[in-house]
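Chemist: For the sequence shown, the numbering used here assigns the number 1 to the initial residue and increments by one for each residue that follows.
No lab work stands behind these hints: they were computed from the structure.
Note that the coordinates shown come from a computational prediction; the quantities given were computed from them, not determined experimentally.
Ideal Cβ positions, reconstructed from N, Cα and C, are used throughout, including at glycine.
Hints are supplied without guarantee of correctness; some may be wrong.
Label-pair ranges, simulated between beta-carbon atoms [unchecked claim]: (1) T416 <-> A31: 30 to 36 Å; (2) M599 <-> S442: 49 to 55 Å; (3) D118 <-> A267: 31 to 37 Å; (4) T418 <-> M599: 51 to 57 Å; (5) P266 <-> R561: 35 to 41 Å; (6) E606 <-> A173: 34 to 40 Å; (7) A173 <-> L223: 23 to 29 Å; (8) D35 <-> S216: 19 to 25 Å; (9) E321 <-> D170: 41 to 47 Å.
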Amino acid sequence: MVFNLFRLWVCVFFVLLSNTSLHAQNWSPVAELPDGHLTNHAFGFAVEGTGYLIAGQTPDGFTNAVYSYDPLANAWSSLPDFPGEPRGYTIGDVWDGIAWMGFGLNDNGAMNDLWRFDPTTGDWTEMASCPCEPRYHPAFVAHEGHIYMGMGSSFGGDLGDWWDYDMATDTWAQKPRIPAPERHHPYQFGIDGIVYTGFGHNGPDIYNTWYAYDPSDESWEELASLPDQGRVAGTQFSHGGLGFALSGDGESHSSMDLGEFWAYDPANDSWSEWPVHPGMSRWAPASFVIGDDVYLIQGMSYDPGSFEYMETNWKFALVPELAQDVGLESFVGGELICGSGPSTIVAELRNLGAQSPPELTLDMRVDGQTVLSTNWTGSLAPYETVLVILGTYDLANVDEFELAIVEDDDNPNNNTLTVEPEQPTEGYVTCEVTVVTDNWGSETSWEILSENAVVASGSGYDDNAMYTIDVTLPGAGCYDLVLYDSYGDGMVGQGPNGAGSFKLRTFEEPGNPFTAFDLFLYDGSYEFSQVTETFAVVASTSASDEMALEEALHVFPNPVRETLTLEWPGAHPPLKVNIRSVDGKMTWHQDAPQGGRIMLDMQGWEAGVYFVQVCTTAGIHSTRVVKL
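Start from the sequences, fold in the hints, and give me the full structure.
Modeler: Next comes the structure, spelled out in structure tokens:
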């Protein structure tokens, strides 16, 4: 049986589930910081059962505030300020009960200092500064009497160098650089004498690649990449022989819908996804581990058009409390709204217990009757998931069904899952096709098919021209878009408009461009003779979460010291450009700018983080910019 998860996902994306997700089941809230203290890019660590939060960027600017957290009392206390310069984008780590912190950014620029903090005495000691370029959010790992530091951002851009600080001699030495593109805000941790780092951000690129540095021979090795989109600006730690990457922004440098949590196992060079934390992912949170619990502290969250400091803090048990606890995580599949006929029924199970479960029986029930049943056997580590295919079933007239684990375990509350699939609705669906041809427009044609019947098509286009075609689909359901190039090289030919492009979109409100939802986009960047894309359309589809178009705007350089360039390609010029400070105040705006570029002089602007929001005929795009 061939199981195409990508095709499945395209359709399942529109299925509504009536259950409460188990993703955040093992996360619980803890106390908020006192006095409304809010930060991003702070340094969090724990020593001897106490958590600490130091420095960071607040709505009022950079800070050197220090707070401690008592897990028994679930309470925070204010401590004397850090004696160094206030800062955000700082970094640190703990070795042998001593915290080390340095680098970062404030109104005076980037830093290369290093500080030692003894929590038992509360004493801070300034150590030897790094004889390297000052920087902010580099990699920083304290491990086996050394600090390994590198990458990060400087006034000249991102860096890829690598340094070794010897705690015993208070000296720095430069080591071989990482064999990868320069980047800032990577993830990092140390396990058993090896330093691990990767991910991060460089210009438009956000990486999912992962590397190991062995101090014994000063060698680098590329390891298994994260089996997910690249990410940046999260938090990380190691525990129990595993390394963890928690939260952060995704490839668009905006919050992901879920606060993802990944574990790296160096023994087999593999990644596994753990239960996500509540809410969207967070930009630049802090974290620390006390006992077997990890604490996620503050940061910011980005929902298209809105940036928000996070007040809430959470903890998660890294070691499950129950011995046997397997839960139904979610209903994963079935081409439910992709026409009639049997749908593939796929359930996702997660082991929430400390032990691998024995053999399991999984049922699908409709109106209380078991219609599908399958047995699963295997090994499932704590918090690991597995997809189980129960079989196929025709869901055309099913309003509700139940998935159930038959066996009892230590927590029966998560052994059933009720699913209410959304059925196709009657009526017509309005879509729009936009074709921008290259030098050979006659080579381009397209079809939209429903159950192998052509319901819309187009061909016979002129060279270097743009066409907008209204398309009415005969109802909600699943369709195939087929884009053809008769020569076989795609729409990559150059012309007045550059390469060609093809876009299919539908509307939450017919004719309103600001409720557009892109179903397919080809940008002229690759060759093809035929491209087929399966897409689902539901009359009630909302476009509110799909309005950020990463192709709509280029912003560079980032960080910026003097001149910020805003450049927009294609056929969707801005209607309005807004720039806001982190407190939400409008700093600069321009209506209907002309041309394809804005050159904005920011020399007189205060240093800090700004949010650029561009409203175009295709939607809304937002991005962060750091002003040095």
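Chemist: Please go over all the hints and tell whether each is borne out by the structure.
Modeler: The hints, checked one at a time:
no.: 1; hint: T416 <-> A31: 30 to 36 Å; in the structure: holds, 34 Å
no.: 2; hint: M599 <-> S442: 49 to 55 Å; in the structure: violated, 39 Å
no.: 3; hint: D118 <-> A267: 31 to 37 Å; in the structure: holds, 34 Å
no.: 4; hint: T418 <-> M599: 51 to 57 Å; in the structure: holds, 56 Å
no.: 5; hint: P266 <-> R561: 35 to 41 Å; in the structure: holds, 39 Å
no.: 6; hint: E606 <-> A173: 34 to 40 Å; in the structure: holds, 37 Å
no.: 7; hint: A173 <-> L223: 23 to 29 Å; in the structure: holds, 24 Å
no.: 8; hint: D35 <-> S216: 19 to 25 Å; in the structure: violated, 47 Å
no.: 9; hint: E321 <-> D170: 41 to 47 Å; in the structure: holds, 43 Å
Hint check: violations occur at hints 2 and 8; the rest are consistent with the structure.
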